[in-house]
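As given, the protein sequences belong to chains A and B, one line each in that order.
The first sequence begins at 1 in the numbering used here and counts up by one.
The second sequence begins at 1001 in the numbering used here and counts up by one.
No wet-lab data here; the hints were simulated from the structure.
Glycine included, each C-beta is placed from N, C-alpha and C at the ideal position.
A couple of the hints might just be wrong.
[Stated by the list, open to error] Rough simulated footprint, nothing fancy, chain B against chain A, three-plus residues with beta-carbon under 8 Å:
| hint | segment |
| --- | --- |
| 1 | 162 to 172 |
| 2 | 190 to 202 |
| 3 | 240 to 248 |
| 4 | 252 to 258 |
[What the hints assert, rightly or not] So these bits of chain B aren't anywhere near chain A, every CB distance computed over 10 Å:
| hint | residue |
| --- | --- |
| 5 | I1014 |
| 6 | L1015 |
| 7 | T1060 |
| 8 | K1076 |
| 9 | N1109 |
[As the list claims (entries may be wrong)] Ranges between beta-carbon positions, derived for each pair:
| hint | chain 1 | residue 1 | chain 2 | residue 2 | range |
| --- | --- | --- | --- | --- | --- |
| 10 | A | H129 | B | E1080 | 42 to 48 Å |
| 11 | A | N67 | B | Q1043 | 57 to 63 Å |
| 12 | B | K1089 | A | L178 | 15 to 21 Å |
What follows is each chain in one-letter form.
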Amino acid sequence: MRDNVITLKPDDTMNDVRRILRDNKISGIPVVDDDRLVGIVTIDDFIICLLEDGGINEKIENRMTKNVVTVYSDDPIVQVVCKFDRDGYGRFPVIDRDTKKLVGIITKGNIIEGLLKKLEIDYHEEEIHRYRASHIFEDVISDNSTLILKYRIKGGDFKKAGEQTSKIRKNLLRLGFLPETIRRVAIAAFEAEMNIVIYTPEGELVAKIQPDKITVNAIDSGPGISDVKQAMRQGYSTAPDWVRELGFGAGMGLPNIKNYSDEMKIKSKVGNGTNLQFIVYKEGKSSK
Amino acid sequence: MKLDKIISVLDAEILCIVKNKLNSDITKACGADLMSDVLAFVQPDTLLLTGLTTPQVVYTAENAGVNVVCFVRGKKPHKETVDLAKEKKITLLVTKIPMFESCGILYKNGLMGYSEISKQ
């Protein structure tokens, strides 16, 4: 409904009606006496009064419809829609059930506007994306379809650390993977993304998506890991304090990736960067 | 425990909230400042109490399936963290009460920790 309703008093004249209808491009005005609705005056009432001598100077209370059909502000929209359909009115004044005061006005236009907005914002866009994307593996005919998504990551950019994983996550949702599968991929990818941001000048996440599994490679041009076995030990970390202050770098990253994925491999050479690969199967190999 | 009850016992301020979530039920909580720890063991639909206010808290919550985060000891995050939470549909609260006491208050009011839930 619209609040801030334009209203008139019973002893205003039909001349006032003309002014308000014209200035506000509306077709009906509630008539209010001491906040209580006492009638409604519409463009039809105005046209009729024009046909009569002196009609334009008459008080509204002689011209308005007195038995106004109203709705309550807590009525369900469905009920209001039915009322429009049944009674054929263009608008209903909205009354507060307890105080009986006028609180707004509702037109068919308001209802349509509200519904469209809701559809648009909450649902429509993401739902269409999801619908389109979730059929991709069925629509493409091949013996083996693979979708490869690449995301560049800048080292040291803490403000954006996590953004690329978020995109991967959104895509997996759209592709129709189960929430638990997505959760495992997202947690592992997030840790891998954080490692690239913390330790390297730049890198990328490459997600290879197949109907039955998701393979992610986190490739960077950083310093490399001198002892992979040691780096895999929980609690082992070479992170400086400022990284720990951000909630990471406590030697949990690689163990986390291992725990949440079904397979994990690290190829690294000091001075040549690191290629970490993990795979999550749709059906899940581990019980995690 | 309903979210609005949590907000009232912690006397928390709402920084952003997902529409119609005040009535949602939260059964477990965890307190952590180490996001890797959160990623390692937090279960979906947990309330996270933390003293960390970086955008990575929101990313961590998103990836771990945490819908509500409460910052303790009155630490308010920057606008970018709040904006990110709105985008990711994660509810953010802030309480003036420190971490240990916040956890204690929630525990006393019936929220459980994981070790108890796994025993059930």
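* Failing hints, ascending? -> Of the numbered hints, 7 and 10 do not hold.
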